[in-house]
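Colleague: The lines below spell out each chain.
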Amino acid sequence: MPEGFDSAAWLARTRAEGDVAAWLERIPYARRIGVSVEADSEGGGLCFRLEPHAGNVGNALLPALHGGVVAAFMETAATLDLMLAAREARLPRIVDLSIDYLRTARAVPTFARCELLREGRRLANVQVTAWQERESVPVATARLHFMLGVPGGGEA
Amino acid sequence: MTSLPERSTEAWRRALSRFVHMLPHTRELGIEVLAVDADGVRMRLPWCDDLLGDASRGLVHGGVLTMLLDSVCGSAVLRGLPAPEVCPTLDLRVDHFRPAVAGLALHAEARVIRVTPSVVFTEGVLWQEAGRPVARGIGNFVRLESRSTPPGFAEALFAHERVEEARHA
Numbered sequence: 000m001p002e003g004f005d006s007a008a009w010l011a012r013t014r015a016e017g018d019v020a021a022w023l024e025r026i027p028y029a030r031r032i033g034v035s036v037e038a039d040s041e042g043g044g045l046c047f048r049l050e051p052h053a054g055n056v057g058n059a060l061l062p063a064l065h066g067g068v069v070a071a072f073m074e075t076a077a078t079l080d081l082m083l084a085a086r087e088a089r090l091p092r093i094v095d096l097s098i099d100y101l102r103t104a105r106a107v108p109t110f111a112r113c114e115l116l117r118e119g120r121r122l123a124n125v126q127v128t129a130w131q132e133r134e135s136v137p138v139a140t141a142r143l144h145f146m147l148g149v150p151g152g153g154e155a
Numbered sequence: 000m001t002s003l004p005e006r007s008t009e010a011w012r013r014a015l016s017r018f019v020h021m022l023p024h025t026r027e028l029g030i031e032v033l034a035v036d037a038d039g040v041r042m043r044l045p046w047c048d049d050l051l052g053d054a055s056r057g058l059v060h061g062g063v064l065t066m067l068l069d070s071v072c073g074s075a076v077l078r079g080l081p082a083p084e085v086c087p088t089l090d091l092r093v094d095h096f097r098p099a100v101a102g103l104a105l106h107a108e109a110r111v112i113r114v115t116p117s118v119v120f121t122e123g124v125l126w127q128e129a130g131r132p133v134a135r136g137i138g139n140f141v142r143l144e145s146r147s148t149p150p151g152f153a154e155a156l157f158a159h160e161r162v163e164e165a166r167h168a
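Protein chains in written order, with numbering that gives the first Met the number 0: chain A, 0 to 155; chain B, 0 to 168.
Quick caveat, the hints were computed from the structure, so don't treat them as lab data. Even for Gly, the Cβ is constructed at its ideal location relative to N, Cα and C. It cannot be assumed that every hint is accurate.
Unchecked claim - Ranges of calculated distance between the beta carbons of each label pair, as one might list FRET restraints:
{"id": "1", "chain 1": "B", "residue 1": "56", "chain 2": "A", "residue 2": "38", "range": "23 to 33 Å"}
{"id": "2", "chain 1": "A", "residue 1": "116", "chain 2": "B", "residue 2": "46", "range": "27 to 37 Å"}
{"id": "3", "chain 1": "A", "residue 1": "152", "chain 2": "B", "residue 2": "54", "range": "11 to 21 Å"}
{"id": "4", "chain 1": "B", "residue 1": "38", "chain 2": "A", "residue 2": "87", "range": "43 to 53 Å"}
{"id": "5", "chain 1": "A", "residue 1": "52", "chain 2": "B", "residue 2": "117", "range": "27 to 37 Å"}
{"id": "6", "chain 1": "B", "residue 1": "47", "chain 2": "A", "residue 2": "97", "range": "19 to 29 Å"}
{"id": "7", "chain 1": "A", "residue 1": "52", "chain 2": "B", "residue 2": "151", "range": "23 to 33 Å"}
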């Protein structure tokens, strides 16, 4: 069976198994910056993790993570969370993103959790919160719009 | 804070090259500063397979575009201030006009729209082929005055430029 986001069968199977790690393996930039996923310990949803790789640093003096890397991490989390949370197998394509940087993201592990605020027929709105030491002290929040593509076809 | 002497466009290009090489992430990706003038900053991100968001469909990760816009807008901030300050990104908005595709370098251009005592407003655009923008960004950066700018920051950016300065003096 062909594997990859262009295969509707593979997408349906990995989705049924909740195999978000298999999706991450096929996202080279997410692998480069060090994104992983774990089932949320408090139940419901996924918790994503960004490794504090030396290559993710944007300010070597503090040091702090590159704001763009934090954004890329949050976009990855939003996309995969949406693929799992959507009513049917869908391939999200980003339309726009808005990110607010609330605090300096230090070079320590960063976590993200997503909320699907609206899933329409063609469009979805996802809210993402990223934090480091404590979830109640976010380092960034973002919201993203996605077009919902049909696997192996066009947009819904 | 004192203003720096007027620098040539080539001195600025080298200074902002030094800046993107101070940032481990942009250094490792090999971002090049192509041109810097009063209107803004132009950069190029060479192609590498790590930029992919979907290898099977050959699409660039959207986060790469956000990262590049943050980098180019942040560099434009340095050029747009009376003297370079370290200004963290306050917020960033990215519009994706069309997918960026595998195998082509990404070009970036950004300029400062307005500088106030507390905020620098910027906008930037990305493309792979001329006339076909892939994304637009609007980034606002905070001025923290001397609190976040280490002593000697501007001087470090323009180290090695003294010969040229002397020539212009």
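Colleague: Each hint should be assessed against the structure and marked as holding or not.
Modeller: A quick look at each hint next to the structure:
In this structure the supplied range 23 to 33 Å holds for residue 56(B) paired with residue 38(A), their Cβ-Cβ distance being about 28 Å. For residue 116(A) and residue 46(B), the hinted distance range of 27 to 37 Å is satisfied, since their beta carbons lie about 35 Å from each other. Checked against the hint of 11 to 21 Å, the pair residue 152(A) and residue 54(B) passes, with Cβ atoms roughly 20 Å apart. Range check, residue 38(B) to residue 87(A): Cβ separation about 47 Å, and the 43 to 53 Å hint holds.
The beta-carbon spacing between residue 52(A) and residue 117(B), approximately 33 Å, falls within the hinted interval of 27 to 37 Å. Take residue 47(B) and residue 97(A): their Cβ atoms lie about 28 Å apart, and the range 19 to 29 Å holds. Judged by the Cβ atoms, the range 23 to 33 Å given for residue 52(A) and residue 151(B) holds: they are separated by roughly 28 Å.
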